[in-house]
Structures are given as C-alpha cells and as structure tokens.
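Engineer: These are the residues of each chain, in order.
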Amino acid sequence: MRIADVIGKVTLSKCHPELTGATWLVATSLSLEGIRGDKAGRGEPFVVFDERGAAEGSRIAISEGAEAAAPFHPGDKPIDAYNTAILDTINI
Amino acid sequence: MRIADVIGKVTLSKCHPELTGATWLVATSLSLEGIRGDKAGRGEPFVVFDERGAAEGSRIAISEGAEAAAPFHPGDKPIDAYNTAILDTINI
Amino acid sequence: MRIADVIGKVTLSKCHPELTGATWLVATSLSLEGIRGDKAGRGEPFVVFDERGAAEGSRIAISEGAEAAAPFHPGDKPIDAYNTAILDTINI
Amino acid sequence: MRIADVIGKVTLSKCHPELTGATWLVATSLSLEGIRGDKAGRGEPFVVFDERGAAEGSRIAISEGAEAAAPFHPGDKPIDAYNTAILDTINI
Amino acid sequence: MRIADVIGKVTLSKCHPELTGATWLVATSLSLEGIRGDKAGRGEPFVVFDERGAAEGSRIAISEGAEAAAPFHPGDKPIDAYNTAILDTINI
Numbered sequence: 678m679r680i681a682d683v684i685g686k687v688t689l690s691k692c693h694p695e696l697t698g699a700t701w702l703v704a705t706s707l708s709l710e711g712i713r714g715d716k717a718g719r720g721e722p723f724v725v726f727d728e729r730g731a732a733e734g735s736r737i738a739i740s741e742g743a744e745a746a747a748p749f750h751p752g753d754k755p756i757d758a759y760n761t762a763i764l765d766t767i768n769i
Numbered sequence: 678m679r680i681a682d683v684i685g686k687v688t689l690s691k692c693h694p695e696l697t698g699a700t701w702l703v704a705t706s707l708s709l710e711g712i713r714g715d716k717a718g719r720g721e722p723f724v725v726f727d728e729r730g731a732a733e734g735s736r737i738a739i740s741e742g743a744e745a746a747a748p749f750h751p752g753d754k755p756i757d758a759y760n761t762a763i764l765d766t767i768n769i
Numbered sequence: 678m679r680i681a682d683v684i685g686k687v688t689l690s691k692c693h694p695e696l697t698g699a700t701w702l703v704a705t706s707l708s709l710e711g712i713r714g715d716k717a718g719r720g721e722p723f724v725v726f727d728e729r730g731a732a733e734g735s736r737i738a739i740s741e742g743a744e745a746a747a748p749f750h751p752g753d754k755p756i757d758a759y760n761t762a763i764l765d766t767i768n769i
Numbered sequence: 678m679r680i681a682d683v684i685g686k687v688t689l690s691k692c693h694p695e696l697t698g699a700t701w702l703v704a705t706s707l708s709l710e711g712i713r714g715d716k717a718g719r720g721e722p723f724v725v726f727d728e729r730g731a732a733e734g735s736r737i738a739i740s741e742g743a744e745a746a747a748p749f750h751p752g753d754k755p756i757d758a759y760n761t762a763i764l765d766t767i768n769i
Numbered sequence: 678m679r680i681a682d683v684i685g686k687v688t689l690s691k692c693h694p695e696l697t698g699a700t701w702l703v704a705t706s707l708s709l710e711g712i713r714g715d716k717a718g719r720g721e722p723f724v725v726f727d728e729r730g731a732a733e734g735s736r737i738a739i740s741e742g743a744e745a746a747a748p749f750h751p752g753d754k755p756i757d758a759y760n761t762a763i764l765d766t767i768n769i
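Going down the list, the protein sequences come from chains A, B, C, D and E. Under the numbering used here, think of the first position of the first sequence as 678, with each following residue one higher. Under the numbering used here, think of the first position of the second sequence as 678, with each following residue one higher. Under the numbering used here, think of the first position of the third sequence as 678, with each following residue one higher. Under the numbering used here, think of the first position of the fourth sequence as 678, with each following residue one higher. Under the numbering used here, think of the first position of the fifth sequence as 678, with each following residue one higher.
Among the clues, some could well be false.
For chains that are exact copies, the list does not tell them apart, and a pair is met inside one copy or across any two.
[As the list claims (entries may be wrong)] Here are the simulated SDA-like cross-link-like pairs (lysine to any residue), alpha carbons at most 20 angstroms apart as the crow flies:
| id | residue 1 | residue 2 |
| --- | --- | --- |
| 1 | K716 | R729 |
| 2 | K686 | I769 |
| 3 | K691 | R719 |
| 4 | K686 | I763 |
| 5 | K716 | A699 |
| 6 | K716 | T688 |
| 7 | K716 | A732 |
| 8 | K686 | S706 |
| 9 | K716 | G734 |
| 10 | K691 | S708 |
Don't read these hints as lab results, they were simulated from the structure.
Same shape as in the complex, but just chain A (with noise of 0.2 angstroms):
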C-alpha cells in the first residue's frame, strides 16, 4: 500500500451510479522525505474512494488495482484506490 496524506475532496457531476454519495478524496503519495515532513516529497495527487472517515491532513495507506475494488465484491464498482487505513504512526 502506498503512504498518502489527504490534501483535498472532489465533487463530481456526473459519475458511474454505483458511486452517488461516496466521499472521494484528494491525496499525494509521499517518498521517505515526505513521510518525514518535507513537502517536496509528495507525489501526483489522485482521487481514493473513502470509508473510513478520512480529514485533509489525514495519513492514510491506499489499495490500488483490482484489490480497491475488494470490499464491493461482488459488484461493478470502477474503483481503483481505497482508503485501507488511517495510520496512526510510522516507525521508521
């Protein structure tokens, strides 16, 4: 899973039905110097699906691939990175 911070949210206008209501948040991946604090290590920010109540600010671990999709099996939801968890720290 990579690490992210959340930075932001969307909102849509027109989306797959399936996802109508869903929290969709905005967040960059971070190198070990973006773990550490640096702002130059965040990634390209990219949408993730939400269910665990994640804030801007919020570090979180992000599924991607086919496995995003996991907690919606069986189903047809195209969602490509999941919030797996909100971490609380990192030992490194």
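Following the hints, put chains B, C, D and E in place on chain A, whose structure we already have.
Structural biologist: This is chains B, C, D and E only, laid out in the frame that chain A set:
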C-alpha cells in the same frame, strides 16, 4: 483514480468486436501543477473508454487496471482505462 | 490504454504451451511528442499479444494487466499486454 | 516480485475490519545498487502486509496488485502488497 | 510483457508454502538500448517465477500483475511476475 483532462478523441480502424461503436477519448493525467492550470503538469496521453459523455476540456477521474472493466462484468472486454466520473470541483 | 507504435516482432524459443503459434509484437509507448512524430517521445519497448493483424508501423491501443487476458477467459494464458485496437486517426 | 528491505512498522488507528490485528511493515524497494548495499538505491517506502515474521532489516520479495490478496481468497481484503518470501541470498 | 535479461537466482529462507521448491530468477528489464546490448539500458532488478528453465543470460518476456498467476488458477499463489517465454530473436 488518476485525475486527467480530456484532450481529444480517437478513431479506430480495427478493434476487438465487443468494443465497436464505443467512445474513446484521449486524456492526459495531471500533476498538482496541472490541476492548477500549468500545462507543464500534464503527463503522457492515453486512451480512455467513455460512457459519461465527456468532451474535450472535461476533467475526469480514471480507473485503471482490471477495475476499468468492472462495469462490463461478466464479459471479455479488454479495457484498462475507464472514465469513472466527470469532476466538478477539486478543493485542494 | 497506452498508445504505442509497433516496431518489430519476436520469435520465441520456449513459451507457455497455450501461447504457441501466436503473434507477438514489439511496441513502444508514445508521449504527446511521440504521437506527433518525434522519435524522442518513445518509451521502453515491450511485447504485445496480437490478434488484429498489426504490422510494423501500426499505431495501436494496448490494454495491460489482467484485462489484457480478458478475451481469453476462462483460461490460463499469462498475457499482460494485448492489442485492443489499431488506431486510424488521433484528434488532439 | 520487487526486492525490498524492511525499514519499519506501522500502527493503524482505523482500518478495514478484516485487517485488524495484522502486521504491517514499511519497506523500500531496491535497485541493483540498493541490493549491493548502496543506500541511494532505495525507492519510495510503502506498506506491506506480513505473515512471514519479517523484521527490520529483512530482505523480502513483494507481490503487488490483485495477487497480493491471493492467499486470502475468497475474501474481500483490500491488500495490494504482500510479503511473499524472506530472501536468504541473492546471486547476481 | 516486459523484455528482460536473467541476471541471477534467489535462495529463499521463508516463503508462502505453495511456492516451496520453485525456481526464482532475478531479472532486469531492458530499454531499447538494453535490447541492443547497452548495459546502461537495464532497469531495476526484480524476482520472477520460472517454469521454462531460463538461465543466467536468457532473454525472457515477463507477465506481471494478476495474469502472472494465471497458469496456477484456481489457486492462491501470491506471484506477480512470471516467465511467459524465452525469446529467441527480437526483430526491431
């Protein structure tokens, strides 16, 4: 989901038979600078399958990998990029 | 789907038994510059499974990951890049 | 499978209910230089699900994507990085 | 499929029980320069599951992601890189 801007369309000459008649967009993924309007923040263009009616200039969220084909299961469509949502506003 | 140009073919010596006799292309993915004809805009070459009859010089859309094998389900073909369509024109 | 070194652990505050109690490592993937001991040859850190008992300093092989969750099928665990093996020696 | 050269082997100390006894290669993916013999055209090394009898120096095509485990379905092997074919000649 990657955040991308629609920059064009593709006309096919030969394709997998189940995909005849579909709309195929050309989109380019966006970095944080790209979201803020800097053209340098645009990545490689790629082809996206569209059912939302996106047009050139639309900002969209793209599912990739196996989940891109989730809306069509069970089926054998070889699609790996799907327009999941047209984005209205991004608050970052 | 990544946009790519076919640049060659591969001859196999030993392969998974279900793949004997197939056509394997060598393709290179294209950046925006590559689509516009700049050779510097070409990425790493990779091997693509072909059923469309693409030839050297064809511009194609490539599905990757699990969906590359979707046309063969149910089956056990270890394919992760499939020529989904030969592109006629790209309007960008 | 990517080759990676374990560099730490993660404590979760909120996670998907099926993942409570699991061990989550922080690992960093290695380039050829990284395998040979050069710290500059280390990539971005990411979170890995562990069942092998790896500890800080272990060198491991990591499966990613849908197959990372294969040991748990059928199930709905949103995991995309799994410690497949602790490596003893690498002969290159 | 990525094109790669086999550069070594791995000895495991602990692995997922279904993978005991398998051959695990270390391979490095090739850019166009790498295919033409330039050592600078080699990417990060990674671990590949082998059933073709590849040896150091073999040039191979590698399936990645979920399809890498396709030859073993139904099963729970956490494999994400599989030697699909040993390449004889590459005409580019």
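Engineer: Please work out whether the CA atoms of K716 and G734 approach to 20 angstroms or closer within one copy, between two copies, in both situations, or in neither?
Structural biologist: within (13 angstroms within a copy, 27 angstroms between copies)
Engineer: How would you classify K716 and A732 at a CA-CA limit of 20 angstroms: within, between, both, or neither?
Structural biologist: within (18 angstroms within a copy, 29 angstroms between copies)
Engineer: Treating 20 angstroms as the Cα threshold, decide for K716 and R729: within, between, both or neither.
Structural biologist: neither (24 angstroms within a copy, 34 angstroms between copies)
Engineer: Could you figure out if K686 and I763 sit no more than 20 angstroms apart (CA to CA) within one copy, between two copies, both or neither?
Structural biologist: Intra 16 angstroms, inter 14 angstroms, cutoff 20 angstroms: intra and inter.
Engineer: Could you figure out if K716 and T688 sit no more than 20 angstroms apart (CA to CA) within one copy, between two copies, both or neither?
Structural biologist: neither (25 angstroms within a copy, 23 angstroms between copies)
Engineer: From the Cα coordinates, with 20 angstroms as the cut-off, is the pair K691 and S708 best called within, between, both, or neither?
Structural biologist: neither (33 angstroms within a copy, 22 angstroms between copies)
Engineer: Indicate which option fits the pair K686, I769 if close means a Cα-Cα distance not exceeding 20 angstroms: within, between, both or neither.
Structural biologist: between (29 angstroms within a copy, 7 angstroms between copies)
Engineer: Checking K691 and R719: alpha-carbon separation at most 20 angstroms within a copy, between copies, both or neither?
Structural biologist: Neither way: K691 and R719 sit 29 angstroms apart in one copy and 23 angstroms across, limit 20 angstroms.
Engineer: If the cutoff is 20 angstroms on CA atoms, where do K716 and A699 land: within, between, both or neither? Let me know, please.
Structural biologist: Classified as neither; 28 angstroms inside a copy, 30 angstroms across copies.
Engineer: When no copy is specified for K686 and S706, does a C-alpha distance of 20 angstroms or less occur within a copy, between copies, both, or neither?
Structural biologist: both (15 angstroms within a copy, 18 angstroms between copies)
Of the hints listed earlier, those the structure fails to meet are numbers 1, 3, 5, 6, 10, in rising order.
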